[in-house]
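Please model the entire structure based on the sequences and the hints provided.
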Amino acid sequence: MDRDRSASSPKTKIGIMGGTFNPIHYGHLVTAEEALYQFQLDTVIFMPTGRPPHKSRKDLASAEDRYLMTVIATASNSRFTVSRMEVDRKSTTYSIDTLKELRKIYGEEVDLYFITGADAIFDILTWKEPETAVKLCKFIAATRPGYDLKKIESLREMLMGKKEVDPKNNIIYDMEIPALAISSTDIRRRVREGRAITYLLPDGVMNYIYKMGLYKNSS
Numbered sequence: 001m002d003r004d005r006s007a008s009s010p011k012t013k014i015g016i017m018g019g020t021f022n023p024i025h026y027g028h029l030v031t032a033e034e035a036l037y038q039f040q041l042d043t044v045i046f047m048p049t050g051r052p053p054h055k056s057r058k059d060l061a062s063a064e065d066r067y068l069m070t071v072i073a074t075a076s077n078s079r080f081t082v083s084r085m086e087v088d089r090k091s092t093t094y095s096i097d098t099l100k101e102l103r104k105i106y107g108e109e110v111d112l113y114f115i116t117g118a119d120a121i122f123d124i125l126t127w128k129e130p131e132t133a134v135k136l137c138k139f140i141a142a143t144r145p146g147y148d149l150k151k152i153e154s155l156r157e158m159l160m161g162k163k164e165v166d167p168k169n170n171i172i173y174d175m176e177i178p179a180l181a182i183s184s185t186d187i188r189r190r191v192r193e194g195r196a197i198t199y200l201l202p203d204g205v206m207n208y209i210y211k212m213g214l215y216k217n218s219s
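Per our numbering, residue 1 is the first one in the sequence shown, and the count goes up by one each step.
Do not rely on the hints blindly, as some may be mistaken.
Said to hold, decoys possible - In silico EDC-like cross-links for lysine to aspartate or glutamate, where the CA-CA straight-line distance does not exceed 20 Å:
hint	residue 1	residue 2
1	Lys11	Asp42
2	Lys138	Glu176
3	Lys135	Glu108
4	Lys135	Glu157
5	Lys100	Glu131
6	Lys58	Glu34
7	Lys150	Asp119
8	Lys11	Glu108
9	Lys138	Glu157
10	Lys90	Glu108
11	Lys138	Asp123
12	Lys58	Asp186
13	Lys11	Asp111
14	Lys138	Glu34
15	Lys100	Asp111
Said to hold, decoys possible - Quick list of the computed label-pair ranges, beta carbon to beta carbon:
hint	residue 1	residue 2	range
16	Arg189	Glu157	33 to 41 Å
17	Ile96	Met212	26 to 34 Å
18	Arg195	Thr126	31 to 39 Å
19	Pro145	Gly194	31 to 39 Å
20	Thr132	Met212	31 to 39 Å
21	Arg103	Gln40	16 to 24 Å
22	Ala181	Asp123	20 to 28 Å
Simulated from the structure, these hints should not be mistaken for lab results.
Built from N, CA and C at the ideal position, the CB exists for glycine as well.
In structure tokens, the structure reads:
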């Protein structure tokens, strides 16, 4: 497993945790915390999507609700922050636009790491301007124990055009996380069916969902 742990590097390392967070749960938080530790990141910015191009809007909570739930979930960790960048964007949200904006804000003196799931990492190939995205940031693919890392190696080869990659020039890293069987889809289903969601997400987020009546009529 490749790692980018150069202690002598003067660059600040910022993780970008994008997602609908519909709702955010412990799986997201564990992934972000592991990225902080394994890649020695200075901070992780949670980036709730505004109008995601690939998601059904049927059971999608409002951008503001998803933003507030993310704020509640991350409030106790001083190294987690939440951005309104995509939430406040009036047009459809594309990750490439966010990466370009972040690069303008932070310049070249900061290393950006886009954190996503191992399966979702392959969506890079369907992104708007994928060839530009891999130049703007590095990617961290969160894997479950037993995941076939050859899949990530093949994607790395496809994007970089070579089989052997110098660790210093790598753009895709794998990161094993605990096997937490938690998903936003399952949480929404449980709310709809009147089942408990305790221990799947922070209490503050659970209370917000019940208070606002989210997901009761989703399907």
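Report the numbers of all earlier hints that the structure fails to satisfy, in ascending order. Violated hints: 6 and 10; rest satisfied.
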